[in-house]
Amino acid sequence: KQEVTQIPAALSVPEGENLVLNCSFTDSAIYNLQWFRQDPGKGLTSLLLIQSSQREQTSGRLNASLDKSSGRSTLYIAASQPGDSATYLCAVSGNDMRFGAGTRLTVKP
Amino acid sequence: GAGVSQSPSNKVTEKGKDVELRCDPISGHTALYWYRQSLGQGLEFLIYFQGNSAPDKSGLPSDRFSAERTGGSVSTLTIQRTQQEDSAVYLCASSQGTGNRYTFGSGTRLTVV
Numbered sequence: 001k002q003e004v005t006q007i008p009a010a011l012s013v014p015e016g017e018n019l020v021l022n023c024s025f026t027d028s029a030i031y032n033l034q035w036f037r038q039d040p041g042k043g044l045t046s047l048l049l050i051q052s053s054q055r056e057q058t059s060g061r062l063n064a065s066l067d068k069s070s071g072r073s074t075l076y077i078a079a080s081q082p083g084d085s086a087t088y089l090c091a092v093s094g095n096d097m098r099f100g101a102g103t104r105l106t107v108k109p
Numbered sequence: 001g002a003g004v005s006q007s008p009s010n011k012v013t014e015k016g017k018d019v020e021l022r023c024d025p026i027s028g029h030t031a032l033y034w035y036r037q038s039l040g041q042g043l044e045f046l047i048y049f050q051g052n053s054a055p056d057k058s059g060l061p062s063d064r065f066s067a068e069r070t071g072g073s074v075s076t077l078t079i080q081r082t083q084q085e086d087s088a089v090y091l092c093a094s095s096q097g098t099g100n101r102y103t104f105g106s107g108t109r110l111t112v113v
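Order-wise, the sequence lines are chains Y and R. Just so it is clear: in the first sequence, position 16 is 16 by this note's numbering, and no numbers are missing. Just so it is clear: in the second sequence, position 30 is 30 by this note's numbering, and no numbers are missing.
By construction, these hints were calculated from the structure, which means they are not laboratory data. Misleading hints may appear alongside valid ones.
So the derived label-pair ranges between C-beta atoms look like this [claimed, not checked]:
| hint | chain 1 | residue 1 | chain 2 | residue 2 | range |
| --- | --- | --- | --- | --- | --- |
| 1 | R | A2 | Y | Y31 | 43 to 53 angstroms |
| 2 | R | D56 | Y | R55 | 24 to 34 angstroms |
| 3 | Y | G16 | R | S62 | 43 to 53 angstroms |
| 4 | R | T78 | Y | S70 | 39 to 49 angstroms |
| 5 | Y | G83 | R | T76 | 12 to 22 angstroms |
| 6 | Y | V13 | R | S7 | 35 to 45 angstroms |
| 7 | Y | E3 | R | E68 | 21 to 31 angstroms |
| 8 | R | G72 | Y | N18 | 38 to 48 angstroms |
| 9 | Y | R61 | R | Q96 | 42 to 52 angstroms |
| 10 | R | D56 | Y | Q54 | 21 to 31 angstroms |
| 11 | Y | E3 | R | S38 | 10 to 20 angstroms |
| 12 | R | D18 | Y | S59 | 40 to 50 angstroms |
| 13 | Y | G60 | R | D18 | 23 to 33 angstroms |
| 14 | R | E68 | Y | K1 | 47 to 57 angstroms |
So, partial list: chain Y residues that the calculated Cβ filter (under 7 angstroms) puts toward chain R [what the hints assert, rightly or not]:
| hint | residue |
| --- | --- |
| 15 | A86 |
| 16 | F99 |
| 17 | A101 |
| 18 | G102 |
Since the model is a prediction, treat every value here as computed from it, not as a measurement. C-beta: ideal position from N, C-alpha, C; glycine also.
Next up, chain Y with everything else stripped away, as it sits in the complex (with noise of 0.2 angstroms):
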């Protein structure tokens, strides 16, 4: 069974900092892993979506990377702003999609 891991839990950042979020996974038979977005009391909106063929995506100052064979992917974060605060899951697709707990991050002005 895919068990995958965000860490850290918690980050809270100065406005103007690059951060890094981490995600790791127990099965590297994936066929894509995602990374969303969740605002308090809001669904899921999907930032990036790495194919398990590709090594990083990016949207913006958004940058995904995806090493398979170790198990793990990082969201980096750029110039971060106070609306980049919200929860960022990472999802795991195999045959069905297993998330991650989520690093809640919060960006100070």
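Based on these hints, arrange chain R on the given structure of chain Y.
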């Protein structure tokens, strides 16, 4: 439709009653997933459908939970004899198939009183 639609958005029910939660996936999406998110917790996988069949039901918490999908489209998650611990947000997602981007609905917030 343009997105994944879930109904109702909120449901308050008395303990012991049955509830049905509905998910209408994006048209053409063959895969459909149900998750549960309790307050302050991560997403708990419940079940997924490929077409009308459910290859993996291992996430269903108890035999009070069941789900079906008809016509490869709408899915219904049924909870019988609801308990207070069933209170959570139930999220549905769909994709064109395994390995493709997943789109989530806004969820159904279930409160059992």
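Hint by hint, work out which the structure violates, then give me just those numbers in ascending order. 1, 5, 9, 13, 14, 15
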